[in-house]
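For the record, the sequence lines run as chains A and B.
The first sequence maps to residues 17 to 224 in our numbering.
The second sequence maps to residues 88 to 168 in our numbering.
No lab work stands behind these hints, which were simulated from the structure alone.
In this text, all values refer to a predicted model and were calculated from it rather than measured experimentally.
Only true hints are included.
Below 30 Å or equal to it, Euclidean Cα-Cα: the simulated DSS-like pairs (lysine-lysine) are: (1) A/27 - B/93; (2) A/86 - B/101; (3) B/152 - A/18.
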Amino acid sequence: MKEDIIHLIRKDCSQLFIFFTAGKRFGLHLSPIDFFKESGIFNRNIMFLRDRERMHFMNGIGGNIDNFKKLIIHFKEFLAASPWIKHVYCAGFSNGSLGSVLAGLHLNAERVYSFAHRPGTYKGPCKYLDEQVSPRSFDLVEILNQQKINTVFEFHFNVFSKDMLGCVKLRGLPNVKLKPYWAYGHNTLLTLNHRKRLNTIFPKFIGV
Amino acid sequence: MTSTIKKQLIDQVKSVLENTSESEVKSHTTLVTSGLIDSFAMLELVAFMESEFLVKIEVEDIEAKNFDSIDAMENLIQRLK
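Based on the sequences and whatever the hints tell you, model everything.
Shown next, in the form of structure tokens:
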């Protein structure tokens with residue numbers, strides 16, 4: 017099995033977006049192409065990841081990248097070989113959100129975009145860096161409550177959903193911005209798409 | 088005679104598709120409308136075509152009619168070259 021990662025390279029752009037998707041429909045609730053069309057970021061450097069095991073990327077993305085540590089190494093090696101990239105952003109959807117938050121910290125990303133964050137939904141143990149953990153053991157309040165973090169974390173969620181319960185706990189943490197939407201259910205991206213707001217989320221194109 | 092572009096595309100489609108026998112992929116095999124490739128696989132093909140054939144595929148070009156067969160993809164590459 018090969019790694020579930022797609023690299024779209026744009027050498028005229030200094031931004032890299034790393035997308036941590038979730039589930040069969042990627043947690044996007046629209047096709048990746050439609051997501052790129054609506055959000056207006058197809059002209060940026062993009063890494064698009066899929067985690068078939070739905071393990072919050074703790075078991076990597078298949079193939080040779082079979083744990084989170086190797087995934088971070090892959091990102092760092094890619095960045096070292098891509099000197100035109102100066103701005104790194106991570107985005108995660110649903111149970112892909114945890115991976116985007118942790119990767120954002122490791123890569124010192126400028127900003128992390130979490131949509132409909134789902135805290136550890138997988139019960140079993142997995143390996144995070146060199147430790148055996150369960151995704152349930154990740155406490156984002158503890159992880160993000162550090163003054164030394166430069167990364168800004170945006171949590172987008174529908175108010176009338178379970179997602180709100182996890183997100184409101186993050187209120188007031190340094191560098192955390194909550195983006196609630198007055199809507200029902202888990203499909204935050206669908207909310208944004210229906211309201212024609214997907215193209216307002218990500219930063220404008222920055223050339224090299 | 089199969090063109091080089093066509094041969095590379097066939098090889099890539101075979102690589103993208105899992106659990107599909109080689110004989111199933113012909114230049115005219117419908118890929119998108121038949122459900123043989125999903126949107127992730129389609130994005131993989133976009134990345135492959137851009138890097139291998141040095142073409143810039145605009146997001147507007149990424150629609151079923153341009154990816155529904157090896158022939159259609161070859162036409163797209165020829166048009167963008």
